[in-house]
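So the chains spell out like this:
There are 2 protein chains.
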Amino acid sequence: MPGVNVPSTSHRVAIQGEHGSFSEEAARRLLGRRVQVTCCATFPEAFQQLRSGRARRLVVPVENTLAGSVHENYDLLVEHGFHAEAELDLRIRHALIAPRGVRLDAVKFVYSHPVALAQCRKFFAKHPRLKAVADYDTAGSVKRIVAEGRRDAAAIAGPFAAAVYKARILLRNLEDHPGNFTRFLVIRRDRAARPGPDCDKTSIVFATKNIPGALFRCLAAFALRDINLTKLESRPWHGRPFEYLFYLDFIGRPDRAPGRAALAQLGEYTSSVRILGCYPRHR
Amino acid sequence: MPGVNVPSTSHRVAIQGEHGSFSEEAARRLLGRRVQVTCCATFPEAFQQLRSGRARRLVVPVENTLAGSVHENYDLLVEHGFHAEAELDLRIRHALIAPRGVRLDAVKFVYSHPVALAQCRKFFAKHPRLKAVADYDTAGSVKRIVAEGRRDAAAIAGPFAAAVYKARILLRNLEDHPGNFTRFLVIRRDRAARPGPDCDKTSIVFATKNIPGALFRCLAAFALRDINLTKLESRPWHGRPFEYLFYLDFIGRPDRAPGRAALAQLGEYTSSVRILGCYPRHR
Chain A
1 MPGVNVPSTS HRVAIQGEHG SFSEEAARRL LGRRVQVTCC ATFPEAFQQL
51 RSGRARRLVV PVENTLAGSV HENYDLLVEH GFHAEAELDL RIRHALIAPR
101 GVRLDAVKFV YSHPVALAQC RKFFAKHPRL KAVADYDTAG SVKRIVAEGR
151 RDAAAIAGPF AAAVYKARIL LRNLEDHPGN FTRFLVIRRD RAARPGPDCD
201 KTSIVFATKN IPGALFRCLA AFALRDINLT KLESRPWHGR PFEYLFYLDF
251 IGRPDRAPGR AALAQLGEYT SSVRILGCYP RHR
Chain B
1 MPGVNVPSTS HRVAIQGEHG SFSEEAARRL LGRRVQVTCC ATFPEAFQQL
51 RSGRARRLVV PVENTLAGSV HENYDLLVEH GFHAEAELDL RIRHALIAPR
101 GVRLDAVKFV YSHPVALAQC RKFFAKHPRL KAVADYDTAG SVKRIVAEGR
151 RDAAAIAGPF AAAVYKARIL LRNLEDHPGN FTRFLVIRRD RAARPGPDCD
201 KTSIVFATKN IPGALFRCLA AFALRDINLT KLESRPWHGR PFEYLFYLDF
251 IGRPDRAPGR AALAQLGEYT SSVRILGCYP RHR
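Chains A and B supply the protein sequences, listed in that same order. In this text, residue positions in the first sequence follow my numbering: the first is 1, and each later residue adds one. In this text, residue positions in the second sequence follow my numbering: the first is 1, and each later residue adds one.
In short, the hints are calculated from the structure, not lab data. Computed from a prediction, not measured in an experiment: that's the story for all the values here. Please note that a few of the clues may not be correct.
What the hints assert, rightly or not - The following label-pair restraints were derived from C-beta to C-beta distances:
| hint | chain 1 | residue 1 | chain 2 | residue 2 | range |
| --- | --- | --- | --- | --- | --- |
| 1 | B | Val-78 | A | Leu-224 | 31 to 39 Å |
| 2 | A | Asp-89 | B | Val-78 | 21 to 29 Å |
| 3 | A | Gly-179 | B | Leu-104 | 43 to 51 Å |
| 4 | A | Pro-178 | B | Glu-45 | 17 to 25 Å |
| 5 | B | Arg-103 | A | Glu-268 | 32 to 40 Å |
| 6 | B | Gln-36 | A | Asp-89 | 41 to 49 Å |
| 7 | A | Ala-106 | B | Arg-33 | 40 to 48 Å |
| 8 | A | Gly-213 | B | Arg-256 | 18 to 26 Å |
| 9 | A | Gly-53 | B | Gly-196 | 55 to 63 Å |
| 10 | A | Lys-108 | B | Arg-260 | 50 to 58 Å |
| 11 | A | Arg-225 | B | Ser-271 | 20 to 28 Å |
Beta carbons are placed, not taken as given, at the ideal position from N, Cα and C, and that holds for glycine.
Please put together the full structure from these sequences, using the hints given.
Here it is, written out as structure tokens:
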């Protein structure tokens, strides 16, 4: 898949995770194979790379179909005042990966992140002699067994991790659930002068008090203009009782009708509206 | 805090996680200190304990203020047809925990789950000589350093884990963000004959096609009756384009006005509505 409306670039991009992670795969699909990737241990460190200018872009997961929204990254996006400029829905596929020369019948231990292990239950049920061992990261577990030259171990990670660590894929599609997708955003520090011609999706966050009537009125601003919503999520503000944050994605642009009018009306009902980005919808 | 409207019981309850985890703390707060806890490696295993009758109750996280909803547990709740009967908002506090006799100035390595490490950034910035090491679990990292008798290591976990493993709390409240809460539900296999007298909150899941007008009409069923919503979250169904699932919590009951009438109206607009539970709101 070519880069999605982001100029192909040799720029440095920050991700959270090890080389070979799903985040790196998303970054390369979105920004091209030649991009230089900086691996960070945590999301705040990855955002800091962009703030300091050491990275020109940031690629982070914001939502998984099984695990839900990654609120931490929405928070960091708002806190830093950065902007989303592209999205990608990446199918999460798990493969069984071993150091070269290790055959399936030699494998006794299977390392991976607990979430990935839990997503491959049927595989472990079918291979009861394999012992699942929880590790801190999917790609990191491939890195570890290759570095340690293990002859009795494999790891569960994306097929991309096998290529990165020159390991061998023993089995593919271990995941129980084929509907396992993670949505990634490309983040830039400063807002583009205006959204490009193919930008047709907008992400916003807004706050309301007193949810029942207020949210209904907020949605009227979109529904009465036949604007399609693709995400809506409420989030209580702990420490601010009766105040709610909403993440909303709609098909449209903030600088053109009917999106512009909807946002103007929304502003009448809300204590704050922030546009997180306007970008081309991933199809 | 006493058990919240669930009969104090010596019954067996299943959780995901190690002894000393936040899930175990939630289970004991909700069901009483004397409850017997079965620790499971994954959420599906914990649900299986309830299905098979080996556990009488299940306590699982469904939402975290920083990390978002745990869709996997909503899916499992729907798939198994189980019912929620109580909720708890647990404040997630991180403590630095070491084996007895180990002093702060001897600690070189700090083990924990990567999410917990990321939530204690300010602590690591203040103590640059401490090396953070990613592990598979918070309470599990306390278990590990105690079992291995480490004299150079501490772990980050809830204070409850220190009590369970007879370890020592060196420092408290390491978390950057005080607004870190996880919402837990108590799950039972069969629906209660009818909700108890103090049940005043209902969780439902419903599906609509074609989101803009449809969601607006669905919310009208609640807004026009002044029913307060405490959660609303959309979730695309991958593989079913243009179909959306919504999780909605409202203050009210399915067996009394105005909740009953709202659900009847909602049924006119949706392809399916399922009541996940009616239970006393945590205050």
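Inset, instruction - For A:Pro-178 and B:Glu-45, compare the CB-CB distance with the range 17 to 25 Å and indicate the outcome. - result: holds, 21 Å
Inset, instruction - Please test the hint of 40 to 48 Å on the beta carbon pair from A:Ala-106 and B:Arg-33. - result: Holds, at about 47 Å.
Inset, instruction - Kindly confirm whether 20 to 28 Å is satisfied by the beta carbon distance between A:Arg-225 and B:Ser-271. - result: holds, 25 Å
Legend entry - C-beta pair B:Val-78, A:Leu-224: status relative to the range 31 to 39 Å that was hinted: holds, 32 Å
Legend entry - A:Asp-89 versus B:Val-78 beta-carbon gap, inside 21 to 29 Å or not: Roughly 22 Å apart at Cβ, these two residues keep to the hinted range, so it holds.
Legend entry - A:Glu-268 and B:Arg-103 - C-beta distance against the hinted 32 to 40 Å: 59 Å Cβ-Cβ, so the 32 to 40 Å window is violated.
Inset, instruction - Kindly confirm whether 50 to 58 Å is satisfied by the beta carbon distance between A:Lys-108 and B:Arg-260. - result: Distance hint for A:Lys-108, B:Arg-260 holds at roughly 56 Å.
Inset, instruction - Could you see if the CB distance from A:Gly-53 to B:Gly-196 stays within 55 to 63 Å? - result: For B:Gly-196 against A:Gly-53, whose Cβ atoms are near 58 Å apart, the range 55 to 63 Å holds.
Legend entry - Verdict for A:Gly-213, B:Arg-256 (Cβ pair) under range 18 to 26 Å: About 21 Å separates the Cβ atoms of A:Gly-213 and B:Arg-256, which means 18 to 26 Å holds.
Legend entry - Verdict for A:Gly-179, B:Leu-104 (Cβ pair) under range 43 to 51 Å: Taking Cβ atoms as reference, A:Gly-179 and B:Leu-104 lie about 47 Å apart, which means the hint holds.
Legend entry - A:Asp-89 and B:Gln-36 - C-beta distance against the hinted 41 to 49 Å: holds, 43 Å
The earlier numbered hint that this structure contradicts is number 5, and it is the only one.
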